[in-house]
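Chemist: Okay, here's what each chain looks like letter by letter:
There are 2 protein chains.
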Amino acid sequence: MKIVLVGLLLLSSVLATAQEVLPSWNEGKNRTNVVNYVETVTDENSSDFIPVKDRIAVFDNDGTLWSEQPAYFQFFFAVDRVKALASQHPEWKTEQPFKAVLEDDMKTVIASGKEGLLKLIMATHTGMSDEEFDAIVIDWIKTAKHPTKKVHYSELVFQPMLELLDYLRANDFKTFIVSGGGIDFMRPWASEVYGIPSNQIIGSKIEVKYEDKKIVRVPKVRFIDDKEGKPVGIHYHIGQRPVAAFGNSDGDFAMMEYTEANKKYKTLQLYVHHTDAKREWAYDRKSHIGKLDKGLDYAKIHDWTIVDMKNDWKVIYPFELKK
Amino acid sequence: MKIVLVGLLLLSSVLATAQEVLPSWNEGKNRTNVVNYVETVTDENSSDFIPVKDRIAVFDNDGTLWSEQPAYFQFFFAVDRVKALASQHPEWKTEQPFKAVLEDDMKTVIASGKEGLLKLIMATHTGMSDEEFDAIVIDWIKTAKHPTKKVHYSELVFQPMLELLDYLRANDFKTFIVSGGGIDFMRPWASEVYGIPSNQIIGSKIEVKYEDKKIVRVPKVRFIDDKEGKPVGIHYHIGQRPVAAFGNSDGDFAMMEYTEANKKYKTLQLYVHHTDAKREWAYDRKSHIGKLDKGLDYAKIHDWTIVDMKNDWKVIYPFELKK
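Chains as they are written, first to last, in my numbering: chain A, 432 to 754; chain B, 432 to 754.
If you're looking for bench data, these hints aren't it; they were derived computationally from the structure. Some clues are possibly wrong.
Intra- or inter-copy, both count: the list cannot distinguish identical chains.
As the list claims (entries may be wrong) - Taking lysine to aspartate or glutamate and the EDC-like style, the derived pairs with C-alpha atoms no more than 16 Å apart in a straight line are:
| no. | residue 1 | residue 2 |
| --- | --- | --- |
| 1 | 550 | 681 |
| 2 | 658 | 643 |
| 3 | 640 | 659 |
| 4 | 580 | 526 |
| 5 | 694 | 643 |
| 6 | 645 | 659 |
| 7 | 695 | 485 |
| 8 | 580 | 734 |
| 9 | 658 | 642 |
Only chain A is shown next, with the shape it has when bound in the complex (with noise of 0.2 Å):
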């Protein structure tokens, strides 16, 4: 009878463990490979065990941790901010890709290609000190809104992946967001949302200068935080190759393959794969945004994790829950 019962005990206690860590995400294989990785790795006793100091997992964002459709959330600032500096640039009027802009004449700024984009991210992102530019950033991230889904972009973050961040923290990993985005556009808001210190968050850099006490913006690519540039973010700002990889795209193959090359350690490669039209967007080989191809044949023989969105989530974004 007593052993009955500790058995009943030990078994509640491994459901409840169970039913705690990801309860956004369905049984099944997907959420079994995490959860198996976590455990064997954290187990002293097991051989595949990864001391703490080593334990860095990096997440890139767009599309993998919030959305990044029908266009990379930093599109939409840049654009929100030219309609804000417009009164200020009357020569925008007649002037692309800010005519478009001004417009609202997206396929023409789509057209302008990556020349009318840098021209869209330089007018919008520099000029300014730092401190400035962060105050700016704060207040578009509190009160812009996206244009179909109708609320704050912050609240477009994956429940799931916000869930896998915490869990794998409560596992001692240190958690970094490596994103081709930007690096500045990402950091006012991004540690309070993902629980990521600033120090923690990589991305994609527009230079800067020392000037008069301040770090002032200046308008000219630094770093580009994409496809081979990530292995190369991940080296000066961890200086460790990481264990665990987290994307959605080809841009993040690098990274996750540079994870799958450490030697020394047992690795964990997943990438979110974008099957949910309904909930949020269906997207891989052929998206203008996020293409995920290679990448995607590549996991699947090398036995990768693959999310499927609509079958291993039970729900996409936080604000589901409170229905």
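Take the given structure of chain A and dock chain B to it, following the hints.
Modeler: Okay, now just chain B, sitting in the frame of chain A:
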């Protein structure tokens, strides 16, 4: 009687606390400055209270956390590497500044100036993967000895500064190194010696590229983390203005000025002044290394803390404690 007893207990507790922190620091104005600062900004009832997330402390390395005479220790590393690699480079027998290094003709090496030094750095710090370079640095730090002190270089760290790092961390400060020295030269050993994770170590950078699943070191300077470069390095790596800055030379001035200009919080600036010709080295305004001139004048006027190594520190190096 009861009150007296409580009073005595309180007093002894206060004394115990006072003795526990910074034990290698002599009582006096400078030690008091540091302790008062930390006690004030961590006191929730003080108007100068700083929330934990903003307790960012930045430390120079050469001359602030360890010695830097008669030359930067990274220079000795380069010299030792040239000697170790000489058999693979017969051309160095006639090519300067390699010839001078191999002949221990330091006068000619120094006369080769910045260009010569750069040649030595590139020949010894690049051409391999980051993991291979880490192994080389670790081997050197474990075996090489300082030319006059005859101990390992990592034994030439300052005991009072190790205590200061511990004291700040015990009070929930996040400690960073912001050094003119090479980021990849420091990380393999500094993490353990100073208790600072590799992602909190910032320094000058050699170019790298991602190739064949590895980070490969390329013979080109990417970033000099000195003078006005220090606030720039802080911006990219930390993304927050520090509240406390520790240096020893004019090369640290911009970082300390940037910290002092923090408008949100009370700040602390501390210069380590090399005044002990007997136990360490004495130098400041006219030194070829770690020159402290403009910074010393400014520090005196602006009431920064100027540590007098000879009088403020009971011991310089950890090995003196064991005597």
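Chemist: None of the hints should be skipped; say for each whether it holds.
Modeler: Cross-check of the supplied hints:
Proximity of residue 550 to residue 681 under the C-alpha cut-off of 16 Å is found in neither arrangement, the shortest distances being 25 Å within a copy and 38 Å between copies. For the homomeric pair residue 658 and residue 643, the shortest alpha-carbon distance between copies (13 Å) is at most 16 Å, but the shortest distance inside one copy (36 Å) is not. In this assembly of identical chains, the alpha carbons of residue 640 and residue 659 lie at most 16 Å apart only when taken from different copies (8 Å versus 26 Å within one copy). In this assembly of identical chains, the alpha carbons of residue 580 and residue 526 never lie at most 16 Å apart, being 30 Å within a copy and 67 Å across copies at closest.
Taking identical chains as interchangeable, the C-alpha atoms of residue 694 and residue 643 lie at most 16 Å apart only when they sit on different chains, with a minimum of 14 Å there against 46 Å within one chain. Proximity of residue 645 and residue 659 under a CA criterion of 16 Å is satisfied inter-copy only: 10 Å between copies versus 31 Å inside one chain copy. For the homomeric pair residue 695 and residue 485, the shortest alpha-carbon distance inside one copy (10 Å) is at most 16 Å, but the shortest distance between copies (34 Å) is not. Taking the closest pair of Cα atoms, residue 580 and residue 734 never come within 16 Å of each other, the shortest separation being 34 Å inside a single copy and 55 Å across copies.
Proximity of residue 658 to residue 642 under the C-alpha cut-off of 16 Å is restricted to the inter-copy arrangement: shortest distance 12 Å between copies versus 32 Å within a copy.
Hint check: violations occur at hints 1, 4, 8; the rest are consistent with the structure.
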